[in-house]
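Quick note, in the UniProt record's numbering, the sequence shown goes up one by one and the last residue is 229.
Treat each hint with caution, since some may be false.
Calculated cross-link-like contacts (lysine to aspartate or glutamate; reagent style EDC-like; alpha-carbon spacing at most 20 Å) [to be verified]: (1) Lys87 x Glu219; (2) Lys57 x Glu202; (3) Lys50 x Glu150; (4) Lys40 x Glu137; (5) Lys40 x Asp85; (6) Lys108 x Asp53; (7) Lys87 x Glu170; (8) Lys57 x Glu147; (9) Lys220 x Glu83; (10) Lys220 x Glu77; (11) Lys57 x Glu174; (12) Lys108 x Glu150; (13) Lys40 x Glu167; (14) Lys3 x Glu83; (15) Lys108 x Asp63; (16) Lys40 x Asp63; (17) Lys3 x Glu217; (18) Lys87 x Asp64; (19) Lys108 x Glu167; (20) Lys108 x Glu147; (21) Lys203 x Asp53; (22) Lys220 x Glu61; (23) Lys50 x Glu31; (24) Lys108 x Asp64; (25) Lys3 x Glu222; (26) Lys220 x Glu170; (27) Lys87 x Glu222; (28) Lys203 x Glu222; (29) Lys3 x Asp43; (30) Lys3 x Glu219; (31) Lys3 x Asp85; (32) Lys87 x Glu167; (33) Lys108 x Glu170; (34) Lys203 x Glu170; (35) Lys220 x Glu174; (36) Lys40 x Glu147; (37) Lys3 x Glu61.
Taking CB as the label site, the calculated pair distances span [what the hints assert, rightly or not]: (38) Gly145 x Thr200: 38 to 46 Å; (39) Lys87 x Gly145: 20 to 28 Å; (40) Trp114 x Arg210: 33 to 41 Å.
I should point out that these hints are in silico values taken from the structure, not numbers from a laboratory.
Here a beta-carbon is modelled for each residue, glycine too, at the ideal position from N, C-alpha and C.
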Amino acid sequence: MTKRGTFIVFEGLDRCGKSTQVARLEDSLREQGHRVRTQKFPDRTTEIGKMIDAYLKNTAEMDDRAIHLLFSANRWECASAIERDLKEGMSIIADRYAFSGIAFSAAKGLPFDWLLTPDRSLPSPDLTLYLTLPTSETSNRQDFGEERYESVSMQTRVREQFGLVRERVERGNESTNTNVDAGGKKSGNGEWVEVDASGTREKVQARIWRVINPVLEREKGEVGRLWVD
C-alpha cells in the first residue's frame, strides 16, 4: 500500500521569506528521495488566477467579497490534484493556502465566519508553518509595495488576523480530531507551528527542519477536510 504524502503549507506576511523556504525545502526533500512538488497560491496560471493577478497588480478592481470567492475558487481548481497526489505518495508544499485568504479578507473588515465557508472541505494540510517576521523588516525588503496588499497598515492588520486564524485552527482541531464527516472524510485543520523567520536562510531552514521531520515520519490516515466541525 502506498504511503500517503505529506501536505505542508507555508504562511506569513508578504516578503517574509516563504517562497525562498518553500524552494529550499523542496530541494532538500527531493535530495532525500521524497517525491515532492510545490503549489503556489494564488495559482496565477489559470483563468481565475489571471483575474486575481490583475487585481493584485492594481490593473483591475473588484468587490471585496467577489475577490475572496475568486481566491477560494482558485484553491478549489487545484484541490482534486492535491488530494490525488497525496494519496499516490507525493508530498506537496504550498506557498500560501486558505488561511491567507481568511487573514487578508478579514483585514479588510469582512465577517470572519463568512470567510470560512467557501473553503470548507478543502484538503487540510498536515502542517502549517507560519513564518514570523516584524513588519518593519518585511516592509524594507526588495519589491515590497509592488502589489495591492503590500502596505505597512494592511500587513499589520493581516498579522492580527493570522492570530485569529491560528486560534480557529486549534479550536477546530480540538473539536474535530476524531470526527468523520458524512462523506467518510476525516476532519481537522492540521498542526499549526510558528517559525522565527529572522536570521540567515540557513538558520531559518534549520528551524523548519526541526518541525518538519517528525511530521514526515508520522503515519498518516486519510486526507482531512478543512473547517469541517
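To see whether the hints hold, each was checked on the structure:
1. Lys87 x Glu219: 13 Å, holds
2. Lys57 x Glu202: Roughly 31 Å between the alpha carbons, so the hint for Lys57 and Glu202 is violated.
3. Lys50 x Glu150: Roughly 19 Å separates the two Cα atoms, so the pair holds.
4. Lys40 x Glu137: With a Cα-Cα distance of about 23 Å, the restraint between Lys40 and Glu137 is violated, given a limit of 20 Å.
5. Lys40 x Asp85: 15 Å, holds
6. Lys108 x Asp53: This hinted pair holds, its Cα atoms lying about 18 Å apart.
7. Lys87 x Glu170: With a Cα-Cα distance of about 25 Å, the restraint between Lys87 and Glu170 is violated, given a limit of 20 Å.
8. Lys57 x Glu147: Distance of about 5 Å is within 20 Å: holds.
9. Lys220 x Glu83: 13 Å, holds
10. Lys220 x Glu77: Distance of about 24 Å is beyond 20 Å: violated.
11. Lys57 x Glu174: Answer violated: Lys57 to Glu174 is near 39 Å, above 20 Å.
12. Lys108 x Glu150: 13 Å, holds
13. Lys40 x Glu167: 24 Å, violated
14. Lys3 x Glu83: 13 Å, holds
15. Lys108 x Asp63: 11 Å, holds
16. Lys40 x Asp63: Judged against 20 Å, a Cα distance of about 23 Å means the pair is violated.
17. Lys3 x Glu217: 11 Å, holds
18. Lys87 x Asp64: 35 Å, violated
19. Lys108 x Glu167: 19 Å, holds
20. Lys108 x Glu147: With a Cα-Cα distance of about 15 Å, the restraint between Lys108 and Glu147 holds, given a limit of 20 Å.
21. Lys203 x Asp53: Since the Cα atoms of Lys203 and Asp53 sit roughly 32 Å apart, the hinted pair is violated (cutoff 20 Å).
22. Lys220 x Glu61: 42 Å, violated
23. Lys50 x Glu31: 33 Å, violated
24. Lys108 x Asp64: Measuring from Cα to Cα gives roughly 8 Å; hence the hint holds.
25. Lys3 x Glu222: 11 Å, holds
26. Lys220 x Glu170: Within the cut-off at roughly 19 Å; holds.
27. Lys87 x Glu222: 8 Å, holds
28. Lys203 x Glu222: 33 Å, violated
29. Lys3 x Asp43: 27 Å, violated
30. Lys3 x Glu219: Holds, because 8 Å separates the two Cα atoms, which is no more than 20 Å.
31. Lys3 x Asp85: 11 Å, holds
32. Lys87 x Glu167: Status violated; Cα separation ~28 Å.
33. Lys108 x Glu170: Since the Cα atoms of Lys108 and Glu170 sit roughly 23 Å apart, the hinted pair is violated (cutoff 20 Å).
34. Lys203 x Glu170: With a Cα-Cα distance of about 27 Å, the restraint between Lys203 and Glu170 is violated, given a limit of 20 Å.
35. Lys220 x Glu174: 18 Å, holds
36. Lys40 x Glu147: Measuring from Cα to Cα gives roughly 16 Å; hence the hint holds.
37. Lys3 x Glu61: 44 Å, violated
38. Gly145 x Thr200: 38 to 46 Å: The hinted range 38 to 46 Å is violated for Gly145 and Thr200, with Cβ atoms some 24 Å apart.
39. Lys87 x Gly145: 20 to 28 Å: For Lys87 and Gly145 the Cβ distance comes to about 41 Å; the hint is violated.
40. Trp114 x Arg210: 33 to 41 Å: 37 Å, holds
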